[in-house]
Each structure stands twice: as C-alpha cells, then as structure tokens.
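Could you put together the complete structure from these sequences and hints?
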Amino acid sequence: MKKKLRSQEWYGKQDKDGFVHRSWMKNQGFPAHVFDGRPIIGICNTWSELTPCNSGLRILAEAVKRGVWESGGFPVEFPVTSLGETQIRPTAMLFRNLLSMDVEECIRGYGMDGVVLLGGCDKTTPGQVMGAASVDLPTIVVSAGPMLNGKFRGQDIGSGTHVWKFSEDVRAGKMSINDFIAAEAGNSRSAGVCMTMGTASTMASLMEALGLSLPTNAALPAVDARRTALAHMSGKTIVNMVKEDLRLSRILTRESFENAILTNAAIGGSTNAVVHLLAIAGRMGIELNLEDFELGSDIPLLVNCMPSGKYLMEDFCYAGGLPVVLSEIKSYLRPANTVLNKDIKHYTEGAECYNRDVIYSLDRPLKESAGIKVLKGSLAPDGAIIKPSAATPELLVHEAPAFVFENIEHLKELIDDPSLPVDENTILVLKGCGPKGYPGMPEVGNMPIPKALAEKGVRDMVRISDARMSGTAFGTVVLHTSPESQVGGPLSLVQTGDRIRMDVPGGILDMLVSEEELNQRRENWKPEEPRYHRGYAKLYVDHVLQANKGADMDFLLGKDTRPVLRESH
Numbered sequence: 001m002k003k004k005l006r007s008q009e010w011y012g013k014q015d016k017d018g019f020v021h022r023s024w025m026k027n028q029g030f031p032a033h034v035f036d037g038r039p040i041i042g043i044c045n046t047w048s049e050l051t052p053c054n055s056g057l058r059i060l061a062e063a064v065k066r067g068v069w070e071s072g073g074f075p076v077e078f079p080v081t082s083l084g085e086t087q088i089r090p091t092a093m094l095f096r097n098l099l100s101m102d103v104e105e106c107i108r109g110y111g112m113d114g115v116v117l118l119g120g121c122d123k124t125t126p127g128q129v130m131g132a133a134s135v136d137l138p139t140i141v142v143s144a145g146p147m148l149n150g151k152f153r154g155q156d157i158g159s160g161t162h163v164w165k166f167s168e169d170v171r172a173g174k175m176s177i178n179d180f181i182a183a184e185a186g187n188s189r190s191a192g193v194c195m196t197m198g199t200a201s202t203m204a205s206l207m208e209a210l211g212l213s214l215p216t217n218a219a220l221p222a223v224d225a226r227r228t229a230l231a232h233m234s235g236k237t238i239v240n241m242v243k244e245d246l247r248l249s250r251i252l253t254r255e256s257f258e259n260a261i262l263t264n265a266a267i268g269g270s271t272n273a274v275v276h277l278l279a280i281a282g283r284m285g286i287e288l289n290l291e292d293f294e295l296g297s298d299i300p301l302l303v304n305c306m307p308s309g310k311y312l313m314e315d316f317c318y319a320g321g322l323p324v325v326l327s328e329i330k331s332y333l334r335p336a337n338t339v340l341n342k343d344i345k346h347y348t349e350g351a352e353c354y355n356r357d358v359i360y361s362l363d364r365p366l367k368e369s370a371g372i373k374v375l376k377g378s379l380a381p382d383g384a385i386i387k388p389s390a391a392t393p394e395l396l397v398h399e400a401p402a403f404v405f406e407n408i409e410h411l412k413e414l415i416d417d418p419s420l421p422v423d424e425n426t427i428l429v430l431k432g433c434g435p436k437g438y439p440g441m442p443e444v445g446n447m448p449i450p451k452a453l454a455e456k457g458v459r460d461m462v463r464i465s466d467a468r469m470s471g472t473a474f475g476t477v478v479l480h481t482s483p484e485s486q487v488g489g490p491l492s493l494v495q496t497g498d499r500i501r502m503d504v505p506g507g508i509l510d511m512l513v514s515e516e517e518l519n520q521r522r523e524n525w526k527p528e529e530p531r532y533h534r535g536y537a538k539l540y541v542d543h544v545l546q547a548n549k550g551a552d553m554d555f556l557l558g559k560d561t562r563p564v565l566r567e568s569h
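Numbering follows the numbering used here, with no gaps: position 497 of the sequence shown is 497.
Mixed in with the good hints, there may be bad ones.
Stated by the list, open to error - The list that follows gives simulated cross-link-like pairs (lysine-lysine, DSSO-like), each with its CA atoms no further than 27 Å apart:
| hint | residue 1 | residue 2 |
| --- | --- | --- |
| 1 | Lys-174 | Lys-4 |
| 2 | Lys-3 | Lys-16 |
| 3 | Lys-342 | Lys-330 |
| 4 | Lys-243 | Lys-2 |
| 5 | Lys-243 | Lys-412 |
| 6 | Lys-4 | Lys-342 |
| 7 | Lys-165 | Lys-367 |
| 8 | Lys-13 | Lys-342 |
| 9 | Lys-26 | Lys-367 |
| 10 | Lys-4 | Lys-26 |
To be verified - Beta-carbon label-pair distances, calculated as ranges:
| hint | residue 1 | residue 2 | range |
| --- | --- | --- | --- |
| 11 | Thr-392 | Asp-417 | 17 to 27 Å |
| 12 | Glu-413 | Leu-518 | 46 to 56 Å |
| 13 | Ser-419 | Glu-105 | 50 to 60 Å |
| 14 | Asp-417 | Asn-355 | 41 to 51 Å |
| 15 | Ser-331 | His-533 | 46 to 56 Å |
| 16 | Arg-531 | Val-170 | 47 to 57 Å |
| 17 | Pro-31 | Ile-59 | 22 to 32 Å |
| 18 | Asp-17 | Pro-335 | 12 to 22 Å |
What the hints contain is simulated information worked out from the structure, not anything from laboratory work. Computed from a predicted structure; not experimentally measured. The C-beta atom is built at its ideal place from N, Cα and C for all residues, glycine as well.
Written out as structure tokens, the structure reads:
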C-alpha cells in the first residue's frame with residue numbers, strides 16, 4: 001500500500017481544515033488536481049537584494065520548479081531570513097542560528113514532503129542545513145554558484161583576497177586610493193558568491209562532498225546555464241527522494257562528515273567550515289569534535305585557488321571541479337550515501353581533469369599536509385585552529401612577546417599609530433571577538449598589519465584571537481580560541497609583553513606566564529558589559545555555545561521530528 005505523504009495531513013482532508021488549506025492556496029491559480037496526493041516540495045529561498053551573493057536564486061528557483069513539475073510534484077517557494085555577509089552588521093554569524101530557526105519552523109509548520117535549499121552566501125548554506133536537519137525531511141541543496149572571475153587592469157582578482165591585499169597596499173603607500181576604488185566594479189562582475197575558495201564556495205563544495213547536492217554543484221558559475229540545468233535536475237531529484245523517503249538522516253552520517261573534512265583539506269577550504277560542520281552534526285545528533293578535523297591535517301592541498309593558490313572558482317570549474325578532487329582522494333573517502341541514493345564514490349565517475357595547474361594530483365600535490373590544524377595549550381585549553389596552507393611557513397613555529405588589543409575598537413584606535421611598540425616578530429592578540437563577546441564571532445581575526453610595519457614591507461605576522469576569519473583571507477592567523485575572552489578563557493588574561501609560544505606542527509599554543517601570576521589576574525578580571533539587552537541578540541548571547549562546539553545555541557541541539565497535529569482554526 002502506498003504510504004500517505006506528510007502533506008496530506010494539510011491538503012488531503014475532506015473537512016473544514018482541508019477546505020481552508022486548499023482554498024486559500026487556490027487563490028494563486030492552482031487547480032484542484034495538484035492537491036491529489038502528489039509530493040509537495042518546498043523551495044526554501046534566501047534571495048534578497050541585501051544579499052548580493054544570492055541575487056541569482058530567483059532564476060534557480062524557477063528551474064527547480066520545472067524539475068519538480070516534470071517529475072509529478074507540486075513546488076511551492078517560500079522565503080526565509082537572508083544573511084548578506086558583506087552588508088549586515090555586526091556580523092552575519094550572529095544570525096546564522098536565527099536563520100536555522102526560521103528554516104526549521106517553516107519546514108515543520110507547512111505541509112511539504114521535501115525541501116530544496118537555495119543558499120549561497122556564507123552563513124545561508126549552513127543555517128539552512130541546520131534548520132532542515134532538525135526536522136529531517138528529504139532535503140537537497142542547490143548553491144548559488146560563484147561569480148565570474150574578477151578583473152582589474154588585465155589581471156584576475158579574487159573576492160575578499162584582493163580586498164585584503166589592496167587594502168594593505170594602500171596602507172603601505174603602494175596603491176593609490178583612486179586605484180583602490182577603481183577596482184571595486186571589476187571585483188564583482190556578475191551574480192554569485194565570492195569566486196575565491198572562501199566560505200561560500202567551501203560550503204558549496206562540502207555540500208557536494210556530504211552528498212547533499214548533485215555532482216558539480218560546487219563550482220559551476222552562477223550565470224552558467226549549466227547551473228540552471230543543475231537546479232532543474234535537483235527539482236527532479238527531490239521528488240524521487242520523497243518517493244524513496246530519503247531523509248537527511250539516511251544521508252548524513254559520521255562518515256559523511258569525515259568525507260567533508262578530508263575534502264576541505266584537499267580544496268584549501270575555509271576555516272569557517274569547522275564551526276558550520278560542528279553545528280550541522282550537532283543538529284543531526286552525530287558526535288563530531290574539534291579534534292576530528294585533524295583527519296584532514298595530512299591531506300595535501302590539491303586545488304590551486306585563492307587564497308591558498310592563484311586561480312579562481314571559474315578556473316576550478318573549467319578544470320573539472322569537485323568530482324576531480326573527490327576522484328583524487330577516492331581512496332580516503334568513507335562509504336556514505338547521497339541524494340542519488342548511491343555511494344559518494346559515484347560522484348567520481350567520469351571525472352577528468354583538464355588543467356593540472358588548477359587541480360593537482362594526489363601524488364604531485366600543490367602543498368603537503370594542508371588541512372586545518374587544531375592547536376591546544378594553556379592559551380587555548382578547548383582548542384584553536386589555523387589554516388597552514390594560507391600561512392607563512394617560517395611563522396608556523398614561533399615564540400615572541402604579545403601586543404594585546406582589548407577589543408576591536410582598541411585595535412582600530414592603535415593599529416595605524418606609528419609609535420606602536422611592535423616589530424615583525426610581535427604576536428598580535430585580539431580579545432572580545434568570540435561568540436558572546438562581540439557578539440557573533442566576526443571575521444576580524446586577520447587583523448591588519450600595523451601601518452608602520454606595512455610601510456616597511458611586512459605582510460604577515462602571527463595573530464591570535466577568539467574571532468573568525470573570512471575564508472577569502474590569508475596569513476598566519478590563529479582563530480576560534482576557546483574558551484573565548486568574554487567567558488574568562490585564558491585569552492582574557494593575556495597582557496602586552498607576555499610571551500606566547502606557537503608550534504603548529506606540534507599542535508601547541510601556550511602563554512608562558514606562571515600560574516601564580518594568572519591566578520592573580522583572574523581575581524581582577526571582569527567581562528565586558530553586554531552590548532545587547534533585548535531581542536534575538538540577547539537570546540543568542542545567553543545561549544550560544546563556544547566555537548569548539550559549533551557556536552550553535554544550547555537549546556537547538558538535536559532534532560524534533562514529531563508531527564504538528566494542532567490546527568490554527
């Protein structure tokens with residue numbers, strides 16, 4: 001006997017409630033026969049003009065609808081909170097969990113049988129998947145896709161990566177402000193997300209590696225007709241997933257996350273993948289810890305994309321995209337299901353590399369041992385992370401005195417002071433930028449090089465904070481230091497002049513201060529006054545977990561798949 005679909009609890013009843021649900025939907029011109037028991041597919045769209053990266057999602061939504069109709073489903077599009085990484089203050093990460101709550105309650109409260117997640121900009125993808133995971137319906141991801149390569153005076157420039165580079169060149173007197181402003185238009189030439197291997201393209205790649213999207217989702221440019229076709233095929237696929245009852249819990253397993261960690265290393269992916277994968281795993285009830293990211297520490301870097309390399313996502317696409325990477329690391333991949341109800345290794349079939357300067361082979365990689373490295377020690381008892389592939393090799397083992405910025409305002413006040421008592425060996429420390437402290441853990445961990453040093457040609461220094469860093473950024477930057485300073489972690493006790501020792505190969509991050517001195521400092525320490533006293537931001541600060549736990553909120557862990565039985569009228 002054919003199983004009755006979830007949506008029939010809304011649209012299949014021959015009573016007052018069924019009348020209400022069907023009648024008001026019919027005011028959009030839907031004929032009676034679309035309520036005949038066919039799968040109803042929600043299209044969860046984060047399109048917004050305030051989220052430029054997602055500006056092409058309306059086109060993709062229409063393509064998804066065509067695929068759903070073709071396969072005998074009934075598509076219904078709905079909007080959710082959109083997070084424009086480059087537009088929203090104080091940081092989009094503050095609202096990732098809010099988006100997840102929005103997505104979760106929309107999926108739970110409306111009569112749909114499966115959902116297509118349309119995201120792209122950094123926090124939209126993980127936020128949507130977190131919310132969907134908490135309801136556990138059949139789910140597929142269609143990413144916005146990267147912008148076309150940036151162009152400026154005959155050279156390729158990359159989103160974010162060249163912003164940081166050009167900004168430092170202006171501060172060092174090597175680039176005029178007029179040239180800096182002139183680069184703006186060429187930096188963003190089409191719809192789509194950052195075309196570097198930043199967080200958005202990293203998460204699109206990891207959706208493919210997790211098996212939550214169709215093959216080639218990672219790299220097809222936003223304006224490439226093949227991405228529109230991919231959206232169409234995703235619409236067809238989600239209908240099949242509903243018929244097979246292929247829920248997220250039948251796809252996402254511990255092994256899936258291990259594959260994502262391995263892939264992140266091979267592509268030189270964003271450090272932000274750490275907090276997002278931890279949070280998604282937490283919603284699925286899968287045990288994943290910060291230490292698990294060491295799985296990727298010995299995986300070589302294969303993708304020659306900024307910020308760890310020289311090419312951009314458009315080049316990565318034309319070279320063969322993520323299927324080639326998965327094929328190269330095939331021997332490392334764990335058995336794991338996908339939206340096609342086939343093992344992830346199926347995604348490697350027919351993969352062929354067309355440019356070995358963009359995608360290197362496993363036996364001749366771009367860099368050795370390029371995965372995220374976890375650091376622990378007296379400065380980070382619960383862990384911190386660094387991306388070796390984006391760091392200066394000579395700084396990966398380093399001991400020096402610290403110069404401390406107590407918060408972001410303190411940094412902005414002093415960083416251009418020519419009398420700042422630092423040299424190229426100094427370790428810069430920034431406090432007050434963790435989940436609770438800022439709040440929202442902004443992407444300010446890649447602190448500017450002090451102006452006096454930048455003018456002398458210094459381009460990298462060891463920098464340590466409880467903040468995050470843009471996936472497009474680079475440098476010897478230690479991030480996500482846990483516990484954060486706002487909750488009294490050791491970072492809160494660091495003072496200017498304290499010696500810090502970092503050994504990235506050894507996984508060590510220590511502050512060389514006696515316990516007696518630290519105990520005295522603890523007695524005098526006080527947290528900064530909270531900046532928010534109402535609304536969602538207060539809820540966030542009261543309940544957000546630390547970075548090593550994924551920075552989700554404590555009451556959102558796990559899932560609730562119980563049906564909603566009570567009606568509104």
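Status of the hints after comparison with the structure:
no. : hint                             : result
1   : Lys-174 with Lys-4               : 67 Å, violated
2   : Lys-3 with Lys-16                : 23 Å, holds
3   : Lys-342 with Lys-330             : 15 Å, holds
4   : Lys-243 with Lys-2               : 10 Å, holds
5   : Lys-243 with Lys-412             : 56 Å, violated
6   : Lys-4 with Lys-342               : 25 Å, holds
7   : Lys-165 with Lys-367             : 22 Å, holds
8   : Lys-13 with Lys-342              : 35 Å, violated
9   : Lys-26 with Lys-367              : 58 Å, violated
10  : Lys-4 with Lys-26                : 22 Å, holds
11  : Thr-392 with Asp-417: 17 to 27 Å : 24 Å, holds
12  : Glu-413 with Leu-518: 46 to 56 Å : 27 Å, violated
13  : Ser-419 with Glu-105: 50 to 60 Å : 53 Å, holds
14  : Asp-417 with Asn-355: 41 to 51 Å : 46 Å, holds
15  : Ser-331 with His-533: 46 to 56 Å : 54 Å, holds
16  : Arg-531 with Val-170: 47 to 57 Å : 30 Å, violated
17  : Pro-31 with Ile-59: 22 to 32 Å   : 25 Å, holds
18  : Asp-17 with Pro-335: 12 to 22 Å  : 44 Å, violated
Hints 1, 5, 8, 9, 12, 16 and 18, counting from the list given before, are not met by this structure.
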